[in-house]
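**Q** As a plain string of letters, each chain reads:
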Amino acid sequence: MDFIFSEEQQLLRDSIQRYIGKEYGFEARKAIMVSKQGFSDKVWAQFADMGLLGVAFAEAHGGFGGTPVDTMLVMTELGRGIVVEPYFSTVVLGGSLIDLAGSEAQKQAVLPEVVQGKLLLAAALGEPNSRYELNCVETTAKRDGGGYVLNGHKAVVLHGESANKLIVSARTAGSARDAKGISLFLVDGNTSGVQVQGYRTIDGMRAAEIKLANVKVGADGVLGEVDQALPLLERAADFAVSALCAEAVGAMEALNAATFDYLKTRQQFGRPIGSFQALQHRAVDMMIHCEQSRSLALLASVKVQSEDPNERKRTVSAAKIQIGRSGRVISQEAIQMHGGMGVSNELAAGHYAKRLAMINATLGDVDYHCDRFAGAA
Amino acid sequence: MDLNYTKEEQAFREEVRTFIRDNLPKDIADKVLHHKRLVKDDWVRWQKILYKKGWVAPNWPKEYGGCAWTPIQQHIFEDECGYAGAPRVMPFGLVMVAPVIQHFGSKWQKEYYLPRILSSEDWWAQGYTEPGSGSDLASLKTRAQFVKSGEGDHYIVDGQKTWTTLGQHADMIFCLVRTDTTVKKQEGISFLLINMRSPGITVRPIITLDEEHEVNEVFFDNVKVPAENLVGEAGKGWTYAKFLLGHERTGIARVGESKRELEQLKAVAAKQLRNGKSLIEDPRFRDRIIQVEVDLMALEITLLRVLSSRTKPGPEASILKIKGTDVQQALTELTMEAMGPYALPFRPEARDAGWHGEPVGPDYAGSAAAVYFNYRKTSIYGGSNEIQRNIISQMVLGL
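Chains as they are written, first to last, in my numbering: chain F, 1 to 377; chain U, 1 to 399.
Bound-form chain U, shown alone:
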């Protein structure tokens, strides 16, 4: 039993911290810290900086240009990045599709796509969810019909994906598609890599409660996809999708970002007044902050327990999704409440980094309510928290 980081790990944390301090562009960090609107170039710029340093793919094996860091090192890196206000590395290419290509992809797919993912040349989107298939993902209906042709075998894809995060920027999308309707629903699914510039693809924005354009609907109308873009075997897509989910769960705790938001909440609550005293000294409000802080302290240790266990994260990692999003949502809720009546003014234009208008209320008040409403997504995406509870109930508790 030893809950201390090793000397090497502490040195690694110092190295990461120093690198971020010297290399994270201030304009980007300012946007993240103040909840301003990020543009595509912000993410890409940061990812290219990490790429140059060799740190953009902590979870990849060395042979593909990854860091091959231990889970604890990955946690330290994420913790420092989150805390410092680095934009989140877009997970769709680096964290989600890349391990699938590495494990199940063809030689050509590995050679062509992996370097482009690493260098952020391609922006990837995730094509899982459909209007009729949210939590019940295996019921998806988007069809891919195999066509044998002298000009090259291909698939014709018809259907619709939805809630496609930042799909408006995407060059590529990995999709679960139905290639066989005659077998059990999980067995008729295949994993396709689709060029977003293919004729027949339409992207329509979905505007969320904060009036931001973060998610999209993606329509496929008679889209031709070369057969070489099928990952692994036809009909095995569900297996690959489940493999991918295992890679997603630990990062979702977002401990570093929540530490940062907690600190900001305390700073705000110290400035806001209630009955002439700072809000943070009001026992009612203070105790609600403490509840989140204690939850977050526990979550960090729970995460470290999962990461240090000698077996791969299993279904118990769903705890991290549930508690991680609980904490994130509670922080946005308290931050909005801390603003009092200045939570009301809604100035979306003020979230543009270049906006220099007269702010309404304290300068930190502008986006609190918008962020609160935006973060309601966290308990829904990535497998809703109800689905996570189903997973634990069945796989861990055996109910």
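Extracted from the complex, chain F is given alone in its bound form:
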């Protein structure tokens, strides 16, 4: 039992912290957020230079052969900086889908470019009626000669507008909620028939509604086995959820630190408001929420590799439940304790709260994961 990060991991963490501290302050982030693209090419190139984009991938694919714990570490730091660049959609979710489902040729074609920062991915899994259910797929893929024709509507695709390649789940057999009959397709973002309606998300990122109208995909665009994508989708989603939990822990830590700092400096009635016990005890509860979340995020980042799918699902869902609840408590308390400043968009506190709320609404909220946790018992 050892909860200490290795020296390499500590160096990695320090380098991200240093970078964010220097280059990614609140004002710099704000400028990036309101730009047309919604993230910075320069920052992305620097992430590539720092090796962050290759952490999760095998050396054979240009990466550094890291473990989910390494991804966790990166995500925690990105959470601390409320970084809006498409790390989650390209590297974590998109990258792991390619890694898990792709053929060697597909991996060679995509992953090294991702690692170098030249290629962005987005996973188009959700639909207007699917909520968080990965098996609920109404988008169709019909055989067409050697390839397929895709039709349907993919909803709230994170960074779907900027992605060079989309990973689309579509139904090749069965009816809308069947577990079998789902396949994955690698689709170029600029293929004809792909209509992208991009928009901002409340946490400062971007997403898109993507409509597919007779989009032709060649046989080389099929990712993995036809009809059999669901188990892989679930595995990739679990990895992505464990990474989101780690990101949430970073955000909670930073939000707590900002709040405790405010409690020490804000003066009312001639003394710091942190001297009032009514606030002290609630601050302690915020800290406990963060520590409990960290515990389960750690556990999830280890158990996400478990060979036993039930153990994997159970642990990952437990972590998502914990961070969903804790993220909400910490966010609401932080806003409350910041008083009027807490509801101002000019302070970082509220931005952390927004990101934490959106993490809860990404890849399954508390209720969804309660169902899943019970099912994996």
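These aren't lab readings, by the way, just hints derived from the structure by calculation.
On a predicted model such as this, the values are computed, not experimentally measured, just so you know.
The C-beta atom is built at its ideal place from N, Cα and C for all residues, glycine as well.
It is possible that some hints are incorrect.
Covered by chain F, according to a simulated footprint, are these stretches of chain U (three or more residues, beta-carbon under 8 Å) [what the hints assert, rightly or not]: (1) 284-290; (2) 315-326.
Derived DEER-like restraints, expressed as beta-carbon distance ranges [stated by the list, open to error]: (3) Ser275/F / Ser119/U: 46 to 52 Å; (4) Ser15/F / Gly398/U: 24 to 30 Å; (5) Arg200/F / Tyr381/U: 51 to 57 Å; (6) Val183/U / Ser275/F: 26 to 32 Å; (7) Arg88/U / Val226/F: 56 to 62 Å; (8) Glu233/U / Gln268/F: 42 to 48 Å; (9) Ala11/U / Phe5/F: 25 to 31 Å; (10) Gln268/F / Val183/U: 35 to 41 Å.
Residues of chain F placed beyond 10 Å of chain U at every Cβ, according to the derived structure [stated by the list, open to error]: (11) Glu7; (12) Asp14; (13) Ala48; (14) Glu59; (15) Gly147; (16) Arg177; (17) Asp178; (18) Tyr199.
Position chain U against the provided structure of chain F, taking the given hints into account.
**A** Frame of chain F, contents of chain U only:
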């Protein structure tokens, strides 16, 4: 980063599990698992079994007959004991007073008391809290007046202790007493070991909400205590008391026992019906169980993080007290609720192991409400959860 137990630790867990399976008397485990009333002999019998095996003092150094186990080994042992339904090893002698005697006691105190604690010859009680001194412990008023005498120097103790857990069984009590009223309140406190059979000591039961006799008031009226029973130096009692608290905090998470209670709750909820379906399938009730289960999973990792850290558990260990008791209380609450209307019947006599009457309702329903009310104590004792929050607020958050 490695969240797996080592091979040695896994082997140790197997060894502990096998030992408990072969040596924990069934009648005792049955009482614990079914919330029946334990008698003094149940605790003593189990402790003597552990003593014979050399496992009764996991936290003691080897030189005094302890196991010198690592914190992780201690956790594994507690986890297995709790899960299997072993009665809790009484902490007052083994966990609380013994480390104080080992660190600060005289040669005579070590030689005389430690072996008797180890063999469960003496049952110890804790004499800290007073009627006017609960969370504000340093305000305690029980006086100990030093008397120089040709027949032997001694103290005369007058005052009252309260909430003395299982003091009715005690042979000895360790007390914080005021030996100096002229100095700052923390500096006038001393640590005394008092024989419960001394003339002038009266024990009066306090009956708790479950109508059980678990705690007591202890009155001291002109009680003569030999000066050799003073631990360390006069006026240093507060320091020793704080030292002791550091030893108490990690075990208080009670992860093993809560795992056991969670499993029982699920078993009960599977049998109880709501709308013709088992209660555990009712999403409202199910989600409340899940909330506790997730809390408990997180707590176990939080505990392991504290235990594996290379420094001694600091004030952050107060988290374990707060979350540990949160979980324990939530489990008793849900178990009582799972019983539905059969939570109402109150049959204290049914909690005697020898009782063979006709049970009212399901056999597991009998004590659920009583346990729920009994467990309200957990967020109050051992430094109330508000005090724990004060500790974290001041020592960790710096507020």
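**Q** Now look at each hint and say whether the structure bears it out.
**A** Results for each hint:
no., hint, in the structure
1, 284-290, "holds (count 3)"
2, 315-326, "holds (count 4)"
3, Ser275/F / Ser119/U: 46 to 52 Å, "holds (50 Å)"
4, Ser15/F / Gly398/U: 24 to 30 Å, "holds (28 Å)"
5, Arg200/F / Tyr381/U: 51 to 57 Å, "holds (52 Å)"
6, Val183/U / Ser275/F: 26 to 32 Å, "holds (28 Å)"
7, Arg88/U / Val226/F: 56 to 62 Å, "holds (58 Å)"
8, Glu233/U / Gln268/F: 42 to 48 Å, "holds (45 Å)"
9, Ala11/U / Phe5/F: 25 to 31 Å, "holds (27 Å)"
10, Gln268/F / Val183/U: 35 to 41 Å, "holds (36 Å)"
11, Glu7, "holds (12 Å)"
12, Asp14, "holds (16 Å)"
13, Ala48, "holds (25 Å)"
14, Glu59, "holds (20 Å)"
15, Gly147, "holds (43 Å)"
16, Arg177, "holds (19 Å)"
17, Asp178, "holds (24 Å)"
18, Tyr199, "holds (33 Å)"
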